[in-house]
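Starting from the known structure of chain G, fit chains X, A and U onto it as the hints suggest.
Protein chains: 4
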Amino acid sequence: MRELFIETQEKEPEIKIPLPRVGITNLRTIAKINWKGRVYTFIPTFEITIDLPREKKGIHMSRLVESITDAMSEAIEEEVKKIHTSLEELALAVIQRLEEKHRHKRAEVWIRTTLILEKMTPASNKLSYEPYDVEVGVIKEGDKIKKTLKVKVIGNTACPHAMANNEGKTHIQRAIGELEVTTDFNEYVTLEDMIEVVESSFSSPTYTLLKTPDENSVVRRMYENPKFVEDVAREILIKAKKKFPGKIHVKVVSNESIHKHDVIAEAWA
Amino acid sequence: MRELFIETQEKEPEIKIPLPRVGITNLRTIAKINWKGRVYTFIPTFEITIDLPREKKGIHMSRLVESITDAMSEAIEEEVKKIHTSLEELALAVIQRLEEKHRHKRAEVWIRTTLILEKMTPASNKLSYEPYDVEVGVIKEGDKIKKTLKVKVIGNTACPHAMANNEGKTHIQRAIGELEVTTDFNEYVTLEDMIEVVESSFSSPTYTLLKTPDENSVVRRMYENPKFVEDVAREILIKAKKKFPGKIHVKVVSNESIHKHDVIAEAWA
Amino acid sequence: MRELFIETQEKEPEIKIPLPRVGITNLRTIAKINWKGRVYTFIPTFEITIDLPREKKGIHMSRLVESITDAMSEAIEEEVKKIHTSLEELALAVIQRLEEKHRHKRAEVWIRTTLILEKMTPASNKLSYEPYDVEVGVIKEGDKIKKTLKVKVIGNTACPHAMANNEGKTHIQRAIGELEVTTDFNEYVTLEDMIEVVESSFSSPTYTLLKTPDENSVVRRMYENPKFVEDVAREILIKAKKKFPGKIHVKVVSNESIHKHDVIAEAWA
Amino acid sequence: MRELFIETQEKEPEIKIPLPRVGITNLRTIAKINWKGRVYTFIPTFEITIDLPREKKGIHMSRLVESITDAMSEAIEEEVKKIHTSLEELALAVIQRLEEKHRHKRAEVWIRTTLILEKMTPASNKLSYEPYDVEVGVIKEGDKIKKTLKVKVIGNTACPHAMANNEGKTHIQRAIGELEVTTDFNEYVTLEDMIEVVESSFSSPTYTLLKTPDENSVVRRMYENPKFVEDVAREILIKAKKKFPGKIHVKVVSNESIHKHDVIAEAWA
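Those protein sequence lines, which keep their order, are chains G, X, A and U. If you read the first sequence in the working numbering, its first letter stands for residue 1, the second for the next number, and so on. If you read the second sequence in the working numbering, its first letter stands for residue 1, the second for the next number, and so on. If you read the third sequence in the working numbering, its first letter stands for residue 1, the second for the next number, and so on. If you read the fourth sequence in the working numbering, its first letter stands for residue 1, the second for the next number, and so on.
Among the clues, some could well be false.
Pairs involving identical chains hold if they fit within one copy or between any two copies, as the list cannot separate such chains.
Only pairs whose alpha carbons sit at most 27 Å apart, straight line, appear in this in silico DSSO-like list of lysine-lysine [unchecked claim]: (1) Lys16 to Lys152; (2) Lys242 to Lys146; (3) Lys251 to Lys119; (4) Lys242 to Lys101; (5) Lys101 to Lys16; (6) Lys82 to Lys36; (7) Lys105 to Lys241; (8) Lys56 to Lys243; (9) Lys119 to Lys32; (10) Lys251 to Lys101; (11) Lys211 to Lys11; (12) Lys81 to Lys239; (13) Lys16 to Lys241; (14) Lys11 to Lys241; (15) Lys251 to Lys105; (16) Lys82 to Lys242; (17) Lys82 to Lys32; (18) Lys251 to Lys150; (19) Lys247 to Lys126; (20) Lys144 to Lys82; (21) Lys239 to Lys251; (22) Lys211 to Lys36.
The set of hints was computed from the structure by calculation and includes no laboratory data.
Only chain G is shown next, with the shape it has when bound in the complex (with noise of 0.2 Å):
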């Protein structure tokens, strides 16, 4: 026989105004991926969240945490192999089971994790790991489902400025990329892609592993291509429209060498 329990989040709350937003975040826990035919486990941190409408007084939390749960368990390791082959994918599975969970109108699952790539270095051709933080956000609402995703590339920038007053001396920096499409569901757009437009952005992408022949290249490279944040932004921007469909959010910071502050610049099409 089951114990009977009081279901406070059922009742009438004293304040009856709709929240938008309620759940839980900073949940960390194992995920699957089946990316690009194998089977990955890595460690996202996640938010899922749900509306709660102006007669209740709150949400279910645990039924969140059993979607992810559910959605990870080993039983489902066919699952995995099949439909998991993405963050989004990942997300959309996540919001599937909360569907048979809790009633909701609107709900949104965000994964926050590092993606590991394999790039060859440019002179020498080894292999090096390069890592990056994404984001990924699945919104549905209704029928509607859309998805949101975010790129965070480390690269570099070799003033021009500077350049032109110092007969090709000037001052280089590590700089931050970060760029952000918000499209429908079904639309093609993959992590991978936008993280090639941003690192192909700056003055030179950055490698893990560099030899003496690498390193090298890749300062020719930085002083025959000399570029503010300004130019940056403006090339993330102009790529990203030609290639992705849906808005665009692209922001640049220069860790400036010669000050203690950063520089900015943001863009939105």
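Below, chains X, A and U without anything else, positioned relative to chain G:
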């Protein structure tokens, strides 16, 4: 005789797209405010941006720094006493100096800092200094000036659901409430009033100093006033709508004592 | 024919002082562990350092990166299955590859990551995945190999002082317990056992998934088991001294629900 | 008549182990310093701990808060002008108030804040305000008082290896230098001198304000003065050993512009 430099910023860029936000960020410097008749020094973090038209390659970053430096300099001690009576007034003073230095259509100044307010403890009536994270943004576009004020307040939630199911026992935790108001610059909104709205919406306010009778008073108040994050968010929202003009954003995050993750409630009005 | 490069690192420095720790830090890459018979992928953060003798200007940083890259490469799938059965074994494998690449007297490899362990919820016996921050360091100096293991566990404290003064009511909050053990490499110490020591020392363990009967069980346990951070620190310390060899460091921080600051208790043994 | 409360802290604990560090941390409050004849307000973060003997269950946390609050109160304006002429003096004043309030054998006060110093730009001689993260700890054990001073300075490195292999071209990046000095309280060591030691050891100092001639001067200085993090660490170390008594710790981290990770050099003396 002045040396002549190449002004790379003034050149035509290869990619001719206007950028709405270009400038400096994460700049920490000393600032002064005449708050209720006394001049206080503090060290905020600044972000200043202007728009970049399509036909210019870059902005002159150092002029943005000078706008802050000038507005802070010793020479203007008198100006501080008269004009910088709030963070918004300080931000506007920086924009006004920027107008003499760098042509633009749109300028934003954002100032992030910690505010310390004096409170009386609830039972022993001792003085307690309470810290609050605040941020103020002033956005000038043509003749139109808008402002955004943000406060972040540390409080707590005592769970009403666990209380109903455990004969008055429940889990309690630290919670963080954020309130953001965006309105015309001339509307009357103070950070102190916004802090009060958030702080009074938790199960109880928190205090830096609590002697045993004060601690007892806070503990009892939490049990008399159990709240979900949903309840806290709704209460902030309804109070803010009554008290402040403009657009409102509310976010409450609770650092659950029974979970390793957080719960969240968020709304806009 | 191989191009000849200048090896600036091998030159004599102007200031001839040996440096005990020179290397790379904050390097994120993909790693693999054979944990209890299954190969898991994850993305840790690495720090690798070696000593620099007084007569050399610098170390060859890329060889440190290669030591990681080699230890992770696909080609060594078999090695992973046999050898990388823990983070410490992985760290040692990186040091062993480094020994073939770069002369040194002392080498350190530090690996930081998140561990997900399976727990059963206390009443409904459901599976819950729990995240823990862990760090492992292996230090080789001549023939001597030492290791440091660190775990960071999220739990809670229910204040016994407020409970005694408020007829059983009290303030409760999230608390974070850290345990660090430094010992010879060959001593048997597992991160799982260390996590268990910390997690069992709070007022109650915490769970990612809690259905109502589980939540009730956790709430009741907290009230039956009130603890200061001092009590938690002492309990971790006494259990760790019984269970683990070597040097022990304990730190407990409580995110007070009645204050805006935290409280701390710290000890060494 | 004073209400009587149960003092749980004074009870015997179950586990009788002394704890060397128990107290409050991450407490932000307003503080005042009489620096070179002028009273400045600022908002540091405090950590205060005392030792807990084996036979007591806990410490009285509120007395630690009162020690800070008292030392900051308006009533002692005169004391500030006379005594709080440095962060160390402020920390000692807090310890002295603590001695009247709570019995202990060992007390520590740590104060973390940002210091703004005035510098002149290298070519145009304009005033520039530079921010530095600093931390001061005062530890009193019996009659013996020691202090630890830490500074964190943002500078840069221009790589000598890439410069030698690329006809004077090289990669440049922001670097962060940390210096820590631990000595008897009465030894003369100032944060300003420590900052100067670190800042002068980079390829070039950095400035918040740089007009074009200043920027050119910094750029040229970086190319005339290429340095590995190893070189920066050695130079800080040798200067610090000449200038300061006591124990020294140096750490330099460079945010490489050609990599996504950082490089590090660390030493003790």
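- Are the CA atoms of lysine 242 and lysine 146 at most 27 Å apart within a copy, between copies, both, or neither? For lysine 242 and lysine 146, only the intra-copy Cα distance (20 Å) is at most 27 Å; the inter-copy one is 34 Å.
- Query: Under a CA distance limit of 27 Å, which applies to lysine 81 and lysine 239: within one copy, between copies, both, or neither?
  - Reply: neither (33 Å within a copy, 43 Å between copies)
- Message: Cα distance capped at 27 Å. Does lysine 144 pair with lysine 82 within a copy, between copies, both, or neither?
- Response: within (23 Å within a copy, 49 Å between copies)
- At 27 Å max between alpha carbons, let me know whether lysine 56 reaches lysine 243 within a copy, between copies, both or neither. between (44 Å within a copy, 25 Å between copies)
- lysine 251 and lysine 150: within-copy, between-copy, both or neither at 27 Å Cα: Answer is both; intra-copy 11 Å and inter-copy 22 Å each pass.
- Task: First find the shortest C-alpha distance between lysine 16 and lysine 152 inside one copy, then the shortest across copies, and answer within, between, both or neither for a cut-off of 27 Å.
- Result: between (40 Å within a copy, 24 Å between copies)
- Message: At most 27 Å between CA atoms: does that hold for lysine 11 and lysine 241 within a copy, between copies, both, or neither?
- Response: between (48 Å within a copy, 24 Å between copies)
- Identical-chain pair category, lysine 242 with lysine 101, by Cα at 27 Å: neither (40 Å within a copy, 36 Å between copies)
- Query: Within a copy, between copies, both or neither: where do lysine 119 and lysine 32 come within 27 Å Cα-Cα?
  - Reply: Both: 23 Å inside a chain and 19 Å across chains, each within 27 Å.
- Task: Measure nothing new, just compare the shortest in-copy and cross-copy C-alpha distances for lysine 82 and lysine 242 to 27 Å and report within, between, both or neither.
- Result: neither (31 Å within a copy, 48 Å between copies)
- Message: Within, between, both or neither: how does the pair lysine 82, lysine 36 come out at a Cα-Cα threshold of 27 Å?
- Response: both (11 Å within a copy, 26 Å between copies)
- Query: For lysine 82 vs lysine 32, is the C-alpha pair at or below 27 Å within one copy, between two copies, both, or neither?
  - Reply: both (12 Å within a copy, 23 Å between copies)
Of the numbered hints stated above, those contradicted by the structure are hints 4, 12, 16, 19, 22, listed in ascending order.
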